[in-house]
Every structure is written in structure tokens, then in C-alpha cells.
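Enquirer: Below are the chains, spelled out letter by letter.
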Amino acid sequence: MSQAVEPDDRDDIEPATDDDAAVSILTNGDPLRSWVELPDSLVDECRLRIDDDGLHVAAVDPANVAMLETTFRAEGFRGFDAPDSEVAFGLNLDRFTSVISWARKRGEDGDPISIDLFENPARMRVSVTRTDQRMKRVSEWFGIDPDHIRQDPNPPDLDLPDRADPNPSNLVDAVEAVDDHRDYAYITRDSDTFVLASQESGNTQIDPDDDTDAETGAGAVYMPETAWSEGDGEATSSLFSLDYLDDMVAAIKKSKADRLTVHWGDQFPVELNFSHEDWGITSTFVLAPRFESDGGGA
Amino acid sequence: MSQAVEPDDRDDIEPATDDDAAVSILTNGDPLRSWVELPDSLVDECRLRIDDDGLHVAAVDPANVAMLETTFRAEGFRGFDAPDSEVAFGLNLDRFTSVISWARKRGEDGDPISIDLFENPARMRVSVTRTDQRMKRVSEWFGIDPDHIRQDPNPPDLDLPDRADPNPSNLVDAVEAVDDHRDYAYITRDSDTFVLASQESGNTQIDPDDDTDAETGAGAVYMPETAWSEGDGEATSSLFSLDYLDDMVAAIKKSKADRLTVHWGDQFPVELNFSHEDWGITSTFVLAPRFESDGGGA
Amino acid sequence: MSQAVEPDDRDDIEPATDDDAAVSILTNGDPLRSWVELPDSLVDECRLRIDDDGLHVAAVDPANVAMLETTFRAEGFRGFDAPDSEVAFGLNLDRFTSVISWARKRGEDGDPISIDLFENPARMRVSVTRTDQRMKRVSEWFGIDPDHIRQDPNPPDLDLPDRADPNPSNLVDAVEAVDDHRDYAYITRDSDTFVLASQESGNTQIDPDDDTDAETGAGAVYMPETAWSEGDGEATSSLFSLDYLDDMVAAIKKSKADRLTVHWGDQFPVELNFSHEDWGITSTFVLAPRFESDGGGA
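Residue numbers (the UniProt record's numbering), protein chains in the order written: chain A, 1 to 298; chain B, 1 to 298; chain C, 1 to 298.
Simulated from the structure, these hints should not be mistaken for laboratory data. If you're wondering where the values come from, they're calculated on a predicted model, not measured in any experiment. One thing to keep in mind: the hints can contain errors.
As the list claims (entries may be wrong) - Counterexamples of contact, computed for chain C against chain B with all Cβ distances above 12 Å: (1) D12; (2) S139; (3) G233; (4) A250.
To be verified - Quick look at which bits of chain B chain A covers, simulated, 3 or more residues with Cβ under 8 Å: (5) 113-126; (6) 135-145; (7) 172-180.
To be verified - Looking from chain C toward chain B, a few residues come up when the C-beta cut is under 10 Å (computed): (8) R123; (9) M135; (10) E140; (11) W141; (12) F268.
Glycine included, each C-beta is placed from N, C-alpha and C at the ideal position.
Modelling step: build the complete structure from the supplied sequences, incorporating the hints.
Expert: Here you go:
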């Protein structure tokens with residue numbers, strides 16, 4: 001599926017890939033921009049792993065609190081040419097997002113993009129075409145040595161009995177609402193109502209003798225008919241940093257995920273599993289809980 | 001009209017008030033957000049007085065230059081349950097505006113809101129419902145001790161012969177225009193033309209020997225057929241700080257006032273009387289004049 | 001064509017000029033705001049020269065790198081009354097743009113504006129009318145002594161063989177794209193493709209041993225079928241600061257130029273000739289090249 005482009009064939013602005021590349025991809029702005037929001041919410045650079053299944057990224061934030069695993073399957077691209085054995089490329093996310101943001105939202109999936117990855121030395125070439133403007137932008141840069149990027153995290157194997165499937169956009173609004181009161185919130189449920197709340201109970205009662213209650217008040221957001229138990233039915237509750245949660249759910253919304261499931265337990269990490277079926281993107285965020293002894297009550 | 005809501009009745013996201021509350025109100029986002037713009041333009045916290053007539057606020061800014069009196073009548077709410085005798089609540093305006101801003105502009109008057117005021121200890125509970133998203137937000141916080149809030153101002157009894165009834169939105173644009181030149185402006189009229197001007201004459205002639213004229217130039221805005229006299233017909237003129245005037249007219253515009261009358265005299269305060277008939281809101285801003293001897297010519 | 005306006009004729013908000021003025025102009029917001037973007041992109045104040053042909057400005061930026069010559073022809077105004085012999089006025093561009101920005105985009109060419117220039121002392125009066133709001137704004141200020149403004153530049157006579165006629169809006173997007181990589185770019189062509197590129201070759205190949213290549217990568221934008229030669233057909237190339245180029249092409253776009261031609265040569269200045277035919281505006285920007293020996297490779 002690779003197409004050769006002669007360096008002086010400037011009249012042809014159609015996206016085209018290079019025969020000498022180790023990996024060649026044809027895609028469009030919308031899916032690529034949406035996907036890159038995910039690692040970009042946690043890290044500045046990541047190890048992009050490519051095999052004939054697609055693109056893979058696993059990353060953990062510098063404070064070791066949040067983790068991402070995501071795959072963009074080969075079938076989700078208009079063209080995908082990669083070797084069987086994995087190729088790794090150290091990707092500067094600022095540079096990459098800046099280049100692909102030149103692809104505008106237009107037509108079905110945005111302006112067309114081609115990506116070539118070369119080896120020895122490792123470098124990436126991205127071209128973006130604006131057909132209506134009769135313009136083509138080409139950018140090229142060297143990869144970061146993948147050995148200089150933090151090792152991929154090992155996702156924990158967790159037993160998380162509680163579930164909820166809120167709409168990603170609603171979850172963004174819910175996090176923003178509890179954020180008005182404190183910098184952390186409990187994730188819990190009341191029967192089939194998914195709850196984000198300042199208080200472990202999921203209610204908003206406040207105590208005049210509690211300094212935090214007196215200073216910040218308390219808030220809660222209720223999302224009926226979105227929660228259930230895969231365990232013994234007893235509702236569980238864990239406390240999380242709203243800064244992290246906010247970044248993660250914003251990235252999930254921007255990634256245009258069409259399916260999201262939240263998994264949580266009792267003082268355990270929360271797992272956010274989400275996907276975009278049409279584009280072939282499957283992802284998981286894991287966020288470590290904040291413990292009461294961290295000063296969770298303050 | 002109060003409706004009980006059981007704490008665990010989470011499936012019901014309809015706005016509901018609490019039987020234990022001293023005051024219970026059912027309303028919508030648009031009128032409430034509009035009304036709160038008024039005190040929020042002058043102060044950070046205010047004494048909210050509630051009786052069976054409605055909500056009342058009187059406030060004066062920290063520098064004693066501007067004053068507000070406003071009433072939101074009980075008939076303007078979808079539900080209003082308050083005792084005959086006045087209840088006072090010390091309201092943190094930042095917290096209140098932040099919570100009610102979660103109610104979006106939607107439908108006729110915005111997302112529904114319920115407010116409960118409890119006594120001993122004094123606290124407020126506000127719930128906002130987003131019916132289409134099937135979400136409900138509840139926030140609760142303690143009141144500020146009303147005795148710790150500045151006393152309500154006594155509105156002066158002024159004899160102000162000149163009047164104008166500009167469109168609130170036009171007045172915002174007029175203040176912005178004269179603000180290009182100086183940080184104060186004269187309010188005056190030329191026959192039935194309402195005038196905001198850098199110069200007392202209401203004209204723009206400038207004097208090369210006057211340092212302020214040379215440095216800033218002069219500006220004026222003319223609004224024909226909006227001014228008249230209730231006095232002897234002689235036009236009067238007073239000088240005002242544009243910072244204050246700007247904040248006040250912006251708040252009047254945001255409050256969606258459908259009727260505004262400006263009253264002024266000769267080196268007297270200006271009174272802005274305005275109302276929103278449908279919502280039952282009636283208000284007055286009073287702004288003290290800046291005197292020439294303040295360095296009004298500089 | 002002058003119309004007298006009596007100072008107390010406040011009911012009449014129609015734009016009107018003053019019989020005592022040396023120069024009187026009737027125009028509208030859109031052409032005037034668009035035109036002023038041009039000098040405003042280079043300088044804070046300029047010498048406005050007026051004769052019966054129209055308005056003329058020539059300006060050079062404080063660093064002597066970029067130069068502008070522009071004429072707004074008398075025929076482009078709704079009314080134009082000026083003496084045969086040139087009148088010069090020292091114009092503070094901040095004040096002027098701020099005043100005319102009160103004219104909104106409305107109707108065919110925006111809100112109507114009248115300008116009067118008086119002599120002894122030199123002053124300008126601008127009035128802006130918002131017919132729908134029944135408001136008129138008048139502003140008046142003294143001119144800067146023209147002798148205190150930098151002398152008008154002498155445009156160089158250059159032999160520039162290469163040409164391109166990109167759409168102004170596309171050129172803005174192209175400059176923004178190469179700006180992602182470095183703070184300068186080459187202007188060149190590949191046959192009839194106009195090229196903006198980090199590399200003199202117009203390609204994007206990068207060298208791992210070149211520090212700049214390793215740090216910033218390289219970018220290029222290709223615009224096929226917009227370039228040609230008026231010389232011997234050999235493509236030429238010169239290096240330019242993207243800061244300057246960005247300001248200039250942004251001003252050209254805002255000026256709504258409907259025709260743009262880029263002229264360049266081998267390590268020579270670039271000339272941007274552009275015009276708005278309907279409004280009678282003709283302009284030239286000249287930008288000095290950055291030389292390799294300036295550290296052009298760094």
C-alpha cells in the first residue's frame with residue numbers, strides 16, 4: 001500500500017508515504033488528534049510501539065499516580081504498513097500534537113495525514129494536506145532514544161466490584177461540579193446511582209465543627225441508573241484527586257470515546273475503560289486512590 | 001408547596017425542597033444568575049434577607065462609593081416558602097455564583113434550581129438539575145454570621161431633576177467609548193439628548209494648554225431622544241468614576257433589566273433605577289459623584 | 001461635499017463633517033479598520049500625509065527590518081475633501097484604532113465614520129455613528145508633531161526575479177506552520193510550487209549531526225501552481241524572520257487584500273505587493289533578509 005513520492009513531485013499534494021520507511025500510515029486529523037490527547041494528558045514524551053496490530057502506548061505520569069494503556073488498531077487507519085516485529089519510537093508529544101493540529105476538522109474525519117517512520121537514524125515525517133487550500137505541510141524530526149524514556153508501566157490486576165457507565169461528557173461536568181468544593185472526591189454509588197461526592201457517605205451533610213466542612217462546604221453529583229455491582233452488591237467507595245480525574249476525563253471526552261466504564265472498589269485504584277469502536281481505539285486509565293491518612297479529610 | 005426528598009431517593013433528580021428548611025425556593029438558572037450579578041458587582045458577601053415578600057439585598061462597596069438595593073419578589077419564583085418574619089443569611093457570593101452557574105441556559109428560564117435555608121446552624125443547600133443529562137448536583141455550606149457583614153446602607157433621599165432612559169446595552173457601549181479617553185466622565189444632557197462626556201460642556205473641544213486634554217484627548221457619546229427634565233428644565237451635570245459606572249451598567253445588562261431610568265443632578269449622586277418585570281426584580285444603584293477638587297481635571 | 005454640523009444639533013446622529021476642517025472624510029468602519037492594520041503591524045505612530053489623491057503612509061519598523069508604503073485613494077471614500085497641497089498629521093495609532101474599533105461590522109461596510117483634521121493647532125475629530133442604536137460617538141485629540149516622527153523611508157529599487165501569488169489567508173497558515181520549527185524560514189520555489197521551508201533546499205531532510213536539525217526538526221509548506229520566474233528561470237532563495245513575516249501577512253489578511261504578489265531573489269529583501277481594488281488601497285511591504293552569517297543556521 002506504500003506509494004512513492006518523488007522529492008520534486010511538489011505538484012502532487014495528495015498524502016503519500018515513502019518506500020524507504022519502516023512504518024507508513026495514512027490517516028486523517030480527527031482520529032489522530034483525538035488519540036494523542038490520551039498520552040498528552042499524562043506525559044510530555046512516550047514510547048510509541050508499532051507492530052502489525054497497530055499503535056500502542058503505555059505511560060505513567062511523573063508522580064506515579066496515573067497510568068494509561070491504549071491501542072490504535074491497524075484497521076482504524078486508511079493505510080497501515082508495519083513490520084511483524086515491534087518498532088519503538090521515542091515521541092515528543094508537543095511536537096507531534098503541534099504538527100497534526102494543522103489538520104483541520106473538515107469532511108468526514110478531518111484533513112488527510114501521512115506518517116513515515118524511518119530507522120537509522122530514527123526519525124518521523126508527517127505530512128498534512130489541505131486539499132481545498134491546495135497546500136501541503138511536511139515536518140520531519142528525530143525520535144528520542146526510547147531507552148531514555150521511562151519504562152512502560154505494568155498495569156495492576158485489580159478486583160474492582162463496582163461499575164458505572166456514565167456518558168463521558170456528563171462525567172466531565174460532574175468532576176467540574178465537585179471540584180467547586182474540594183481538590184478530591186469520593187467515587188461511590190447509592191444503589192444504581194453513580195455518585196461523586198466530597199463526603200464518603202455520598203451525601204452533603206456538613207459538620208460545623210469540621211474545619212474543612214466549615215470552610216469549603218460539600219458537594220455531590222448524582223447520576224441515576226448508571227451504576228451497578230459485579231460483586232456482593234455492597235457499595236464501595238474510594239477517594240481520588242480531582243486534578244488527575246479532571247485531566248483524565250477531559251482527555252476521554254476529547255478522544256471522543258463512545259463507550260466508557262468506570263470500575264472501582266474500597267480504597268482501591270479506579271479504572272476507566274473506554275473505546276472508540278469506529279476508529280479502533282481501546283484504552284484504560286488507572287488512577288491510584290488518595291488515602292484518608294494523606295490528610296484526605298483536610 | 002414544600003416537597004420532601006428522602007436522602008436515598010437518588011433516582012429522582014427533579015428539584016425538590018426539604019421539609020426541615022426554614023426557607024425553600026424553587027426557581028431556574030436564568031433569573032437567579034441574572035439577579036446575583038447585581039450584588040456581585042459591588043461586594044464579595046452580602047446579607048440576604050428573606051421574608052414572605054421575597055429576597056432582599058442592600059449593599060455598599062468597600063470604598064463607600066456605590067450602593068445597591070434590590071428585591072426579588074416571591075411571585076417571581078416557581079415555589080417560595082418563607083416565614084412572615086425576616087430570616088437573614090450571610091451569603092458568600094463567590095460560592096453561590098459558582099454553584100448556580102452549573103445551571104445552564106436551556107429551555108425557557110434555564111436548568112431548575114432548588115434552594116433550602118436551614119437554621120441552627122445556618123446553612124444553605126442548593127440543588128441544580130440537568131434533566132437532559134439525567135444528573136443532579138447538590139451543594140451545601142454554612143452561612144457567614146450576618147453580624148459579621150457590614151450593616152445595610154441607608155439610601156439617601158435625593159432631589160435629582162434630570163432623567164434619561166437609555167437602553168441598558170447602549171449604556172454599556174457608551175461607557176466603554178468614553179473610557180477610551182479618561183477614567184471619569186460627566187453625565188449630562190443637551191435638550192433631549194443624553195450625554196456621557198469627558199468635558200463638562202458635553203462637547204469635545206480640547207485646549208492645547210490643558211495637560212489632560214493634550215495627553216488623552218476628549219470623547220463624548222450622544223443618545224438623542226432619551227433624556228428629559230423633571231425640574232426647571234435647566235440641564236445639570238455631575239462627574240463619575242468610569243470604573244464604577246462600567247461595573248454597574250455591565251451588571252444591569254447581565255441582569256437583563258427591561259426598564260432603566262437614570263436620575264441625576266448638579267454635582268449629586270446618580271441613581272440607576274431598573275427592573276425585570278417578568279421575574280419580579282426591582283433594583284436601584286446609587287453612585288457618588290467625583291468632585292472636581294478630587295483632581296477631577298487630571 | 002462638506003456638510004456643516006452645529007455643535008448643539010445633537011438629535012442628528014448622521015455622520016457629518018465640519019466646514020472649518022482642513023481635511024474632511026466620510027467613510028465606514030470596515031475599510032478604515034482594515035487599512036490601519038497595515039501601519040499598526042510595524043509602528044506605534046506614523047506620519048499621515050493627505051493630498052487630493054488620498055491618504056498616504058510610509059513607515060519603517062524601529063529595527064529597520066521592515067518597511068511599508070500604502071495609499072488609500074480618495075475615490076475609495078464616501079466623501080473626501082482635502083487641499084491640493086499635502087497636509088501632514090502625526091497619528092497615534094493606538095488612539096486611532098481604539099476609536100474606529102467602535103464602528104462595528106454591519107451592513108455593507110460597517111458603521112459610518114467621519115473624520116475632520118484641523119490645523120493650528122493640529123487636531124483630529126472622529127465621529128462614529130451606530131444608526132440602529134441611535135448613538136453617536138465623537139472623539140477629538142491633538143496630533144503628534146510630524147517632525148518628531150521618524151522620516152519616511154526610501155523604498156529600495158530591487159531586481160527580484162521570482163514571483164508567487166498565494167492566497168493571503170493561505171500564506172498566514174503557511175507561516176504559522178513553518179513557525180512550529182524555527183524562528184526563520186526560506187522563501188523559495190520548486191518549479192511552479194511556492195515553498196516556505198526551514199531548509200534552503202526547500203525539502204525537510206535533517207542531519208543528526210546538525211544541532212538545530214536535531215533540536216527543532218524541519219518543516220516546509222508547498223503551494224503548487226502559485227509560483228513563477230520573471231528572470232532566467234533559476235529558482236532563488238532568501239531567509240527571513242518569521243516574527244516579521246507573521247506580523248506582515250496577518251496584517252495583509254486583516255486588510256482584506258484581494259490581490260497579493262510576493263517578489264523575491266537570492267539573498268535579497270522580499271516584497272509583498274497587495275491591494276484591495278474596491279476600497280482603492282494599494283500597498284507594499286518590504287522585509288530585509290536574514291543572512292546565514294547572522295547565525296542563520298542556528
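Enquirer: Looking back at the numbered hints, which does the structure fail to meet, lowest number first?
Expert: Hints 1, 2, 7 and 12 contradicted; others consistent.
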